[in-house]
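Visitor: Construct the complete structure from the given sequences, taking the supplied hints into account.
Chains as they are written, first to last, in this note's numbering: chain A, 1 to 416; chain B, 1 to 416.
Everything labelled a hint here was simulated from the structure, so no lab data went into it.
Be a bit skeptical, because a hint or two may be false.
Stated by the list, open to error - Derived DSSO-like pairs (lysine-lysine); straight-line CA-CA distance at most 27 Å:
| hint | chain 1 | residue 1 | chain 2 | residue 2 |
| --- | --- | --- | --- | --- |
| 1 | A | Lys258 | B | Lys157 |
| 2 | B | Lys258 | A | Lys119 |
| 3 | A | Lys258 | A | Lys226 |
| 4 | A | Lys112 | A | Lys311 |
| 5 | A | Lys258 | B | Lys17 |
| 6 | A | Lys311 | A | Lys258 |
| 7 | B | Lys311 | B | Lys415 |
| 8 | B | Lys311 | B | Lys416 |
| 9 | A | Lys322 | A | Lys230 |
| 10 | B | Lys157 | B | Lys311 |
| 11 | A | Lys230 | A | Lys91 |
| 12 | B | Lys41 | B | Lys157 |
| 13 | B | Lys119 | A | Lys258 |
| 14 | A | Lys230 | A | Lys196 |
| 15 | B | Lys379 | B | Lys112 |
| 16 | B | Lys258 | A | Lys17 |
| 17 | A | Lys41 | B | Lys258 |
| 18 | A | Lys119 | A | Lys416 |
Since the structure is predicted, the reported quantities are computational estimates derived from the model, not experimental observations.
There are 2 protein chains.
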Amino acid sequence: MSQAQEFPSAVDSDPSKLGWMTGFPPPQDRIISALDGTFFKFPALRYSVCHMREFFPSKVVPSDPINRYSFSTAEDSAIDALSFQPLGDEKSISWAESLLKNYTDGILILHKGRIIYEKYFGALTQNGRHAAMSVSKTLTGTLAAQLIAEGVLDENKYCRDYIPELAHSAFGDATIRQVLDMTTGLEFSEDYADPKAEIWAFSRAGDPFHFQRSPDEPANYFDYLKTVKKKGQHGDAFGYKTVNTDVMGWIISRVLNKPLSQVLSEKIWQPLGTNFDAYYLIDGAGICFAGGGLTTNLRDMAMFGEMVRNKGYFNGKQILAKEVIESIRSGGSQAAFAKAGYTNLKQWSYKNMWWVSHNADGAFCARGVHGQTVYIDPKAEMVIVRFASHPLASNSANDGYSLPAYQAVADYLLKK
Amino acid sequence: MSQAQEFPSAVDSDPSKLGWMTGFPPPQDRIISALDGTFFKFPALRYSVCHMREFFPSKVVPSDPINRYSFSTAEDSAIDALSFQPLGDEKSISWAESLLKNYTDGILILHKGRIIYEKYFGALTQNGRHAAMSVSKTLTGTLAAQLIAEGVLDENKYCRDYIPELAHSAFGDATIRQVLDMTTGLEFSEDYADPKAEIWAFSRAGDPFHFQRSPDEPANYFDYLKTVKKKGQHGDAFGYKTVNTDVMGWIISRVLNKPLSQVLSEKIWQPLGTNFDAYYLIDGAGICFAGGGLTTNLRDMAMFGEMVRNKGYFNGKQILAKEVIESIRSGGSQAAFAKAGYTNLKQWSYKNMWWVSHNADGAFCARGVHGQTVYIDPKAEMVIVRFASHPLASNSANDGYSLPAYQAVADYLLKK
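Guide: This is the structure in structure tokens:
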């Protein structure tokens with residue numbers, strides 16, 4: 001957490017104060033762009049996370065224009081003062097303080113399905129939208145798990161059984177289950193600090209305008225995925241690699257013959273009664289970035305979280321099969337997960353692209369870089385959705401002020 | 001109209017038949033892109049007009065998530081068989097046939113506010129969206145006229161009074177009224193066939209990624225507008241030039257200190273009760289393309305048309321001042337208009353970025369290339385909205401099968 005202290009504070013980095021893309025025209029030093037990468041440098045990223053479609057082509061995830069769910073509200077003013085001890089810090093801080101520490105853009109707490117807390121900061125508003133980052137993965141994984149429950153996918157089959165073009169890649173002999181739980185053995189580094197890391201080649205392939213791509217490199221996500229090489233064994237160890245999700249997105253689209261945006265809309269977004277269209281960033285072939293390209297409204301994402309907490313039931317209907325949620329909650333292999341060495345996530349596991357805590361409350365969550373989360377605590381009947389723009393990508397930078405804060409709210413609600 | 005016959009027919013050019021951007025991944029020869037301009041070559045443009053955000057950055061025009069208007073329907077099955085004589089053609093054809101002749105993507109007829117006819121073709125669906133092209137101009141002009149009615153703008157003031165940066169351009173000594181009625185004298189050619197026409201430099205400035213732009217050229221719409229030179233006198237002759245609308249968009253944003261997308265949302269889109277967000281394409285400074293960048297749903301656009309027909313009243317409220325609509329309906333200078341030499345539009349005029357027919361019914365309309373229109377016939381209490389993807393940009397290519405068709409429906413409704 002100390003690294004974050006080199007950066008301007010949440011208050012000082014507020015986009016409305018800094019005026020990114022504001023003015024007619026904006027001053028030259030307030031124009032940020034995808035072309036030169038300025039759009040995603042902190043603190044400009046605090047603006048960009050709420051305006052991704054203004055920098056890139058995007059594909060709509062339609063909400064239902066008529067069926068619209070509305071949460072009931074029962075504000076609990078005691079939450080701001082709840083105190084907790086951050087991980088790796090001796091001094092307790094309050095819930096309200098933690099929101100600034102974590103560069104929160106929007107946060108919403110549901111208790112038994114009612115909104116008990118909701119705050120917006122930075123560039124986000126109640127009717128706005130925010131990049132979900134790798135929370136996108138969880139939507140993809142949940143859809144795939146639903147297709148398994150429906151018998152459309154077989155978790156023991158190999159990726160090559162659905163996508164023959166993957167036969168000669170690392171994914172060829174990986175099972176659907178291994179991809180969904182990210183226990184594939186891949187020669188693929190996501191170390192953004194290393195310019196030779198494969199994540200950069202993957203990003204270049206997915207850039208719809210090929211700004212940095214050499215002519216001999218793959219021109220879209222799918223063409224890239226075919227080139228991923230195997231390293232080690234599948235099924236052995238958890239390795240958090242975005243390409244697993246994009247393979248899953250490919251398989252979903254191939255078996256249903258629909259873009260992922262449409263599958264998400266039909267199976268989840270419209271049944272939920274979301275109030276706002278979501279969208280995916282797309283590559284030059286119009287393919288949705290399944291591993292990180294989703295942008296949604298905060299309340300809409302809370303509907304997704306609440307539906308999962310209710311074992312698939314929401315807005316008067318069973319949206320996902322009960323067994324999908326049970327399978328997520330039971331978690332994946334803790335032994336496989338331990339090999340990845342997450343110091344803040346001891347005894348956790350990863351299942352269907354959800355992070356499972358195996359704690360006393362049975363909490364599990366979706367997580368995305370810079371602090372995005374959908375955190376579900378079944379015992380406390382609580383769902384927390386947070387969108388954020390922390391200066392550091394890795395959630396290890398904000399977990400210290402997040403995970404114990406969520407537990408403090410859960411403990412409070414259990415005693416209430 | 002004969003030129004259109006070189007192109008594949010509406011049926012043969014149906015995007016669902018040709019499979020643009022379809023498949024996971026799409027075949028190489030079905031991938032179209034903004035990068036190389038393939039997205040807008042006929043017949044690919046029939047796909048692209050319904051998917052503009054998938055090729056470019058865009059800025060949302062939010063609909064109201066709760067307030068949603070719903071049309072009542074009274075289908076009139078007699079309309080398809082209505083017969084009329086196309087301009088410049090001796091053989092009568094039916095309304096139904098005319099829709100294919102004009103590469104119609106979606107068409108809706110309102111009579112006394114009820115939907116009596118609605119059809120979708122090509123890549124458009126009832127819940128889809130379609131590029132409005134220069135119908136965008138009409139929204140901009142209507143907003144400006146409303147600001148005049150509110151006293152925020154003075155139609156006799158000069159552009160330089162609102163935008164000092166325009167002082168040394170052609171717009172400096174042009175009045176708001178001259179810009180709104182496009183009687184400015186500008187050295188600006190919109191002849192797309194001429195690679196040296198100024199419209200290309202304007203387009204390069206507006207391209208958010210500067211694909212074709214030289215480093216010494218303007219980097220956004222506003223910077224370009226400052227460079228437009230005067231030619232002839234202002235107020236003399238009608239000259240249909242997109243840059244007038246973008247100057248108007250600039251003035252609107254400057255005086256209200258809001259992006260045009262937000263102004264349109266607050267003043268028109270949300271009060272109407274539209275069911276779908278609209279969006280603008282934007283330049284590299286995030287500026288909305290006021291002259292042609294709007295994409296909307298067809299029914300939503302019909303709400304706009306019906307509101308204008310009802311002198312600003314719709315969905316239970318006065319959305320625009322009555323005098324705004326009266327000013328549009330009274331039209332502009334027919335003498336100034338005649339100098340532009342539109343053979344299909346004899347005795348028409350142009351006012352507040354609307355095309356006014358001065359015919360017996362007092363019809364007036366919004367028009368956009370490739371066949372977009374909002375056509376209002378006050379006498380027949382009729383509004384027709386059409387989205388289309390005619391292979392030829394100029395409306396002179398489709399007017400022959402459109403204007404008399406609309407009149408035939410109006411005549412039928414008047415006798416009904």
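Visitor: None of the hints should be skipped; say for each whether it holds.
Guide: Going through the hints against the structure:
1. A:Lys258 to B:Lys157: violated (54 Å)
2. B:Lys258 to A:Lys119: Holds, at about 24 Å.
3. A:Lys258 to A:Lys226: holds (20 Å)
4. A:Lys112 to A:Lys311: Satisfied, since the Cα-Cα distance of roughly 13 Å is no more than 27 Å.
5. A:Lys258 to B:Lys17: holds (16 Å)
6. A:Lys311 to A:Lys258: holds (26 Å)
7. B:Lys311 to B:Lys415: OK: Lys311 of chain B and Lys415 of chain B at ~24 Å, within 27 Å.
8. B:Lys311 to B:Lys416: Roughly 23 Å separates the two Cα atoms, so the pair holds.
9. A:Lys322 to A:Lys230: violated (34 Å)
10. B:Lys157 to B:Lys311: Since the Cα atoms of Lys157 of chain B and Lys311 of chain B sit roughly 26 Å apart, the hinted pair holds (cutoff 27 Å).
11. A:Lys230 to A:Lys91: Distance of about 45 Å is beyond 27 Å: violated.
12. B:Lys41 to B:Lys157: Between Lys41 of chain B and Lys157 of chain B the Cα gap is close to 41 Å, so the pair fails against 27 Å, i.e. violated.
13. B:Lys119 to A:Lys258: holds (24 Å)
14. A:Lys230 to A:Lys196: holds (17 Å)
15. B:Lys379 to B:Lys112: holds (11 Å)
16. B:Lys258 to A:Lys17: holds (16 Å)
17. A:Lys41 to B:Lys258: Satisfied, since the Cα-Cα distance of roughly 25 Å is no more than 27 Å.
18. A:Lys119 to A:Lys416: holds (21 Å)
Hint compliance for this structure: hints 1, 9, 11 and 12 are broken, all remaining hints hold.
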